[in-house]
Amino acid sequence: MKLLSTQFNSRGALADYLTDQFSELLPADRHSISPIIGEKPPAQVIKTSIQPMAYARTRNFYSGSVSRLSPYIRHGLIERRTLAAIALAEAGEKNSEKFLQELLWGEFWHQVANQDPDLLWQDAGDYKTGYSTSDYAPELPEDIIQGHTSNACINHFIRDLTIDGYLHNHARMYLAAYVIHFRRIRWQAGAAWFLHHLIDGDVAANNLSWQWIASTFGSKPYIFNLENVTKYCGDRLDCRPQNNLELNASYEALSIRLFRQSKS
Amino acid sequence: MKADIIWLQEERLGEELIKSIWVPKTQLVYIFDETWLRIRKPSLKRLQFIYEVLLDLPFAIHIYRGDPAVILSALAGEAGVLQVYTFSPKDPEMKVRVHQIAKSLGVQILTPTLWIPEQTQSYRSFFKYYNSVKNQAIEAACDLPL
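Just so you know, the sequences run in chain order A and B.
Position 129 (the first sequence) corresponds to 132 in the numbering used here; numbering is contiguous.
Position 45 (the second sequence) corresponds to 47 in the numbering used here; numbering is contiguous.
In isolation and in its complexed conformation, chain A is listed as follows (with noise of 0.2 Å):
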């Protein structure tokens, strides 16, 4: 039983103490304080976070109109219902519809999983990749783990995770589906590494999302192409096609290349 100090002067005096009392924990990670502060938003800013028709035109891209109110939400500070009535209120019902479904899938990943805790951990049904599990490593490898991938948009994603604690929901299920397609890794893995380091992660939402992206929570496996990252987050991201080689195909060759084929 220890008492913990509640006086610091500064952030970085804060991490200091974090990354001593919490040593053991914390042995990759020293280093990475986060730019997302622990203290709500005041109404205002949340209030202009909320842009209900701008984020049903621009959620998928990179630097698109998403209110990054995340980390709040998921340690209570701020109430998915108060950010629909804010929506409601400001572009009426037909043009909140996106951002309202953006935040019903918080509340139905919660519904799956108290519903049957095991589909957290366990692969809720079979790959439809061709491969069973055992075909997957358990393990993430070093060069994922220390973003030093042989593609810069994917480090990038890395980066992102890793020391502001925050990745964009398309970002998300790109880095997803490289780990779990392109890595052939376990999706058990990856979403353990998000946990880890999501300041919004939140096992419901993350594990289940991870099984949907791996097929095993869905009928088919989410995969992604260079075109499509550059589509989305090519203004902000390195995506020139020799700084992303393994992601430079189409669909098709993908899917060749990344799944087992059945023989006909």
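If you're looking for bench data, these hints aren't it; they were derived computationally from the structure.
For glycine and all other residues, C-beta sits at the position ideal for the given N, C-alpha and C.
One or more hints might be untrue.
Computed, partial: chain A to chain B, Cβ under 10 Å [stated by the list, open to error]:
#1 Ser8
#2 Ser37
#3 Thr61
#4 Leu72
#5 Glu82
#6 Ala94
#7 Gln114
#8 Leu123
#9 Gly204
#10 Leu248
Following the hints, put chain B in place on chain A, whose structure we already have.
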């Protein structure tokens, strides 16, 4: 309702929720659960975020690291403590752990009002779920004062 100790959970750190049961002299306690830390292995970023939220609350708070059962037993044994309260976590795994500890110590578990009550029907498709709860979600949101 009088609350002598409120044992805070990481998903339930909203000021309004705490205020709903807080009275003067209430002791707020947060515990970095040793077992939970070993299960989830949170990064420094996650620990720091929670810590900053705790320090930003407009209440005096005691932050511990250790076994919640041991710490709460010791605190509850102190003179003047009548009842320990906590809010039920959303995380299904955390909920099991917190409820086990709470049951063994007689901690009263409070469940905050849900936006969407849990459905009896089992859903595997989001859009089936969405179509089923959409009107309920909008009504509940529209009832909130802004």
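Structure-based check of all given hints:
no.	hint	verdict
1	Ser8	holds (8 Å)
2	Ser37	holds (4 Å)
3	Thr61	violated (21 Å)
4	Leu72	violated (13 Å)
5	Glu82	holds (7 Å)
6	Ala94	violated (13 Å)
7	Gln114	holds (6 Å)
8	Leu123	holds (7 Å)
9	Gly204	holds (7 Å)
10	Leu248	violated (30 Å)
Violation of the numbered hints given earlier is confined to hints 3, 4, 6 and 10; the remaining hints are satisfied by the structure.
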